[in-house]
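Novice: These are the residues of each chain, in order.
Number of protein chains: 2
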Amino acid sequence: MGWEQELGEADRMWRTYIEMAKHLGSHLQQHLQRECNLSAADFEVLVRLTESERREMPVAEVAAATQWEKSRLSHQLTRMAQRGLVERVDSNDRRYPDVRLTDKGYAAINKAVPEHIEMVHALFVDVLGPERLAGFAQACADVLRALDEHRERDCSL
Amino acid sequence: MGWEQELGEADRMWRTYIEMAKHLGSHLQQHLQRECNLSAADFEVLVRLTESERREMPVAEVAAATQWEKSRLSHQLTRMAQRGLVERVDSNDRRYPDVRLTDKGYAAINKAVPEHIEMVHALFVDVLGPERLAGFAQACADVLRALDEHRERDCSL
DNA sequence: GTGTTCAGATTGATGTATCAACCCGGCCAC
DNA sequence: GTGGCCGGGTTGATACATCAATCTGAACAC
Chain V
1 MGWEQELGEA DRMWRTYIEM AKHLGSHLQQ HLQRECNLSA ADFEVLVRLT ESERREMPVA
61 EVAAATQWEK SRLSHQLTRM AQRGLVERVD SNDRRYPDVR LTDKGYAAIN KAVPEHIEMV
121 HALFVDVLGP ERLAGFAQAC ADVLRALDEH RERDCSL
Chain U
1 MGWEQELGEA DRMWRTYIEM AKHLGSHLQQ HLQRECNLSA ADFEVLVRLT ESERREMPVA
61 EVAAATQWEK SRLSHQLTRM AQRGLVERVD SNDRRYPDVR LTDKGYAAIN KAVPEHIEMV
121 HALFVDVLGP ERLAGFAQAC ADVLRALDEH RERDCSL
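Chains V and U, in that order, are what the protein sequence lines are. The opening position of the first sequence corresponds to residue 1 in this note's numbering, with each subsequent residue numbered one higher. The opening position of the second sequence corresponds to residue 1 in this note's numbering, with each subsequent residue numbered one higher.
Keep in mind that the hints are not guaranteed to be accurate.
Where chains are identical, the list cannot tell them apart; a pair therefore holds if satisfied intra-copy or between any two copies.
Claimed, not checked - Here are the computed lysine to aspartate or glutamate pairs in the EDC-like style, where the Cα-Cα straight-line distance is at most 16 Å:
id: 1; residue 1: LYS22; residue 2: ASP148
id: 2; residue 1: LYS22; residue 2: ASP142
id: 3; residue 1: LYS104; residue 2: GLU87
id: 4; residue 1: LYS111; residue 2: GLU35
id: 5; residue 1: LYS111; residue 2: GLU19
id: 6; residue 1: LYS22; residue 2: GLU87
id: 7; residue 1: LYS70; residue 2: ASP98
id: 8; residue 1: LYS22; residue 2: GLU69
Just so you know, these hints were derived from the structure itself, not from any lab.
Sequences are here, hints too, so could you generate the full structure?
Specialist: Here's what the structure looks like:
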């Protein structure tokens, strides 16, 4: 084989990051699932809906906010509607229906968010402290920028 | 609503991290899928198998290395076997079968790994530079440790 | 040997993610 | 109006993740 023996310092640090991301993500996800009976996907959609005053917005707006594919969102909304977390509402232009947060969905997200934030602080924010957190976030922002540039290059081929 | 307006500095930094993790992960995943026709799960299993001299190891060993549930691994191996990437082999103790990398799987992973590493360097390692990378990795390690401690506390209830 | 037990492996059911194909209502040309 | 276009939305098929239930064969007691 060969190559896997030649992992340098940098590659081991990459693996540390991957490990951290995997564990942190699954921990938060499991907490949401067990305590609030919400998947990460449910949580994301519900959070976006609370960002509207009327607990209701066009499907396209949710899609833009979450950056999900339209089909993924459609399937997700179907399942969430079946569980009574949201409901589909016809708007003026019947091509572009709205989604509304039900009372049940509202209750669920209002229970979930504070717990989630608390856990994020305990496991991430407070662990790093303000200074290292800022450095960490800056690093993330830089990687994001590099990603955007890379994508631009790919599209302009 | 209320709470979502009160997002502090720290929470916005957390969101930056989430965004970065999401985009970086899906970018790497899509590259693997498009260029090598491998899912992230395929990639992980294949990498573990190359870590054995004989391209073959007990299922349980793969499970330990990936930290996957046995059932997830079993399903994954079934699908990979159907595509000819691996094959199941009976070992001495027929309770604990082995998995072997086929030639096709070997070819696939040997194409994928260098491309993957190159992309990780371009999008992550080189973007941060050695110094910030080290700090970043240290931060990840600290978060991992906090996670472990947290889990310990949960189990000892 | 026969029966019990046990750990690891498999299977089935359900929820989720992604791609391709299709639907459908407003829009424009004519 | 009638017909074709267009873009967002939905649906279907397949792959993946997770949980619960089941299977399997070695090991141990007797």
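Novice: Taking the hints in turn, state whether each one holds.
Specialist: Here is what the structure says about each hint:
1. LYS22 to ASP148: between (23 Å within a copy, 13 Å between copies)
2. LYS22 to ASP142: between (21 Å within a copy, 14 Å between copies)
3. LYS104 to GLU87: Close inside one copy (11 Å), not across copies (48 Å); limit 16 Å.
4. LYS111 to GLU35: This pair counts as within: shortest intra-copy Cα distance 9 Å, inter-copy 43 Å.
5. LYS111 to GLU19: neither (29 Å within a copy, 23 Å between copies)
6. LYS22 to GLU87: neither (32 Å within a copy, 27 Å between copies)
7. LYS70 to ASP98: within (13 Å within a copy, 41 Å between copies)
8. LYS22 to GLU69: between (23 Å within a copy, 14 Å between copies)
In terms of the numbered hints stated before, the structure departs from hints 5, 6, listed from lowest to highest.
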